[in-house]
Amino acid sequence: MTGTPNSVSEDVASTDTDADVPATKSTVATEPPDSGSRIERVVVRELRTVSRTRTFVVLGAALAAVLVGIAWVGGGVRAGFVPTVVDLLTPLELLVPIVAVAFGYRAILGDRRRGELDVLDTYPIAPRELVLGVYVGRAVGLLGTVVVPLLLVGGAVFVGREEPFSRYASHAGADSPILFARFVALTALFALSILAVALAISALVSGTRSALALSVVALVVLLVGLDLALVYGFTNGYLADSSLVHALAVSPLSAYRGLVFESAVVTASGTGPRTASPVASLLGLASWTGASLAVATWAIQR
Amino acid sequence: MTTETPLLEASNVDFAYGDVTILRDVSVPIRSAAVTALIGPNGTGKTTLLRTLAGLQEPTGGTVAYHGPEAAREIGYLPQQPEFRPGFTVLETLAFYASLVGGGRDEATAQLERVGLADAADRPVEALSGGMTRLVGIAQATIGDPPLVVLDEPASGLDPGMSKHVFSVADELAATGTAVVLSSHDLELVERTADEVVVLDGGTVVGRGNPAALCDQLEAGSLETVYEESIVGDLSSVRVQGETA
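Residue numbers (the working numbering), protein chains in the order written: chain A, 1 to 302; chain B, 303 to 547.
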């Protein structure tokens with residue numbers, strides 16, 4: 001079985017060591033970066049990846065064109081901020097998850113397939129630092145892709161609206177850019193939570209096909225499945241009337257929709273049923289984000 | 303003759319994927335300032351052993367103990383098929399890795415010069431040939447000057463000149479005190495370069511020692527003969543662990 005001529009190799013080793021170690025070791029006296037700096041390095045790498053990937057640029061341009069087009073054709077640009085929010089809400093419920101998944105589903109998978117996760121494992125960077133860095137980097141790119149078109153739409157509304165206050169005469173001042181800004185912020189939060197889910201998928205799978213398949217499943221569950229489950233629970237009495245606004249927080253899509261209605265649409269109209277528990281919905285989005293990032297970290301560690 | 307503690311010591315290591323045993327009772331000391339080469343047929347567990355030594359997977363039995371100095375990066379690793387994120391230049395790629403251990407472009411450039419790829423610093427990684435990608439991988443493995451560098455088939459797919467160059471890089475690393483563990487099928491270069499050779503067959507160590515000593519033991523004229531006499535079974539068929547063992 002095992003050979004035993006250790007002494008021969010030891011002689012060789014000791015000779016080389018004694019002769020050359022101090023003379024040629026090219027150690028660079030540098031301080032290892034702290035955790036924040038390591039995360040920053042990964043963020044920068046992700047930002048460069050996003051900025052150099054043509055697909056993301058095209059995706060951003062297409063999203064901008066679609067959103068501006070909807071706002072223009074739907075008359076929101078002339079009607080005001082809140083009508084524009086109402087026009088854009090449903091398309092964004094579909095488009096934001098798709099764009100977010102596009103940004104995230106290969107983020108960690110790519111490194112795994114290239115063997116770079118193994119290589120990174122030999123560097124002093126913890127899985128949670130890697131996940132956080134990838135998430136923040138991709139999030140900046142995603143927010144640029146989602147928020148910039150919305151700001152363009154907001155700018156168009158600001159310039160193009162006609163008699164903004166007469167439309168909401170009984171609620172003068174209600175059609176405010178602040179409501180639109182809330183809508184943009186909530187859309188950003190929604191996008192960030194879906195990105196985290198996509199990142200978890202990216203860390204869990206080992207192939208592009210399985211990543212795509214799992215992403216489709218996740219989109220169906222997030223966009224349809226959870227809402228259907230809520231409807232089922234409500235119609236069959238598992239959910240009480242009073243708890244519905246809280247239960248909506250379980251679904252990121254319902255949480256987002258409810259938050260938009262609660263903080264931008266119903267606020268503007270001044271009356272209407274309660275559409276969400278803002279605290280529960282925000283906690284729901286935060287939970288999806290945190291849990292997904294935790295899953296991604298676990299998947300890298302396993 | 304030394305009695306120094308090995309930098310890395312694998313003791314009675316077993317590794318199995320479920321019911322399929324890949325490594326059985328493998329004990330290998332890895333010494334500083336030496337090149338240790340793993341040789342053996344395809345499918346015999348070399349990559350699994352290297353990944354275990356690099357700490358990338360836990361053995362299912364036995365231990366792997368690192369006795370080396372504390373370092374920002376203790377072990378450098380070259381995968382069998384190195385690849386890098388597209389869209390970045392060679393220098394950007396290495397600078398990213400260097401930044402994780404407190405280095406920067408200077409260290410990245412130094413490692414590129416060591417492998418003879420300084421002229422390709424500004425070339426996108428996706429535009430490199432297979433051999434050049436492997437050299438970038440070796441440069442990456444040495445980022446941070448880890449005390450142990452694990453190279454999985456560093457000369458695979460390279461032309462003879464490039465293969466020699468890769469082994470000379472390994473030799474230079476060992477000369478600076480680094481422990482280098484590599485796997486290779488180029489027995490001539492292994493014989494010329496390695497300080498210690500570990501012969502793996504069927505997931506077990508069937509021979510270990512200095513190339514010359516191994517040749518003496520088996521009264522063989524070359525490491526290739528040692529290889530042929532050490533490996534049991536048909537050398538023309540791939541060993542599939544768990545199937546033929």
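Careful, some of the hints might be misleading.
A partial selection of chain A residues facing chain B, derived with a Cβ cut-off under 8 Å [to be verified]: (1) Pro32; (2) Leu47; (3) Thr49; (4) Glu93; (5) Arg112; (6) Val119; (7) Thr122; (8) Arg128.
In short, the hints are calculated from the structure, not lab data.
On a predicted model such as this, the values are computed, not experimentally measured, just so you know.
Here a beta-carbon is modelled for each residue, glycine too, at the ideal position from N, C-alpha and C.
Hint check:
The criterion of a C-beta within 8 Å of any C-beta in chain B is met by proline 32(A), whose closest approach is roughly 4 Å, and the hint holds. For the restraint placing leucine 47(A) at the interface with chain B, the shortest Cβ-Cβ distance is roughly 12 Å, beyond the 8 Å limit, so the hint is violated. With a cut of 8 Å, the hint placing threonine 49(A) at the interface with chain B holds, because the nearest CB-to-CB distance is about 6 Å. Interface hint at glutamate 93(A): violated, since its Cβ lies 31 Å from the closest Cβ of chain B, which is beyond the 8 Å cut-off.
Because the smallest distance between the Cβ of arginine 112(A) and any Cβ of chain B comes to about 11 Å, over 8 Å, the interface hint for this residue is violated. With its C-beta approaching chain B no nearer than about 6 Å, valine 119(A) sits inside the 8 Å limit, and its interface hint holds. Evaluation of the threonine 122(A) hint against chain B yields a held restraint, the C-beta minimum of about 5 Å falling below 8 Å. For arginine 128(A), the shortest C-beta to C-beta distance to chain B is roughly 15 Å, which exceeds 8 Å, and the interface hint is violated.
Comparing the model with each earlier hint shows violations of hints 2, 4, 5 and 8; every other hint is respected.
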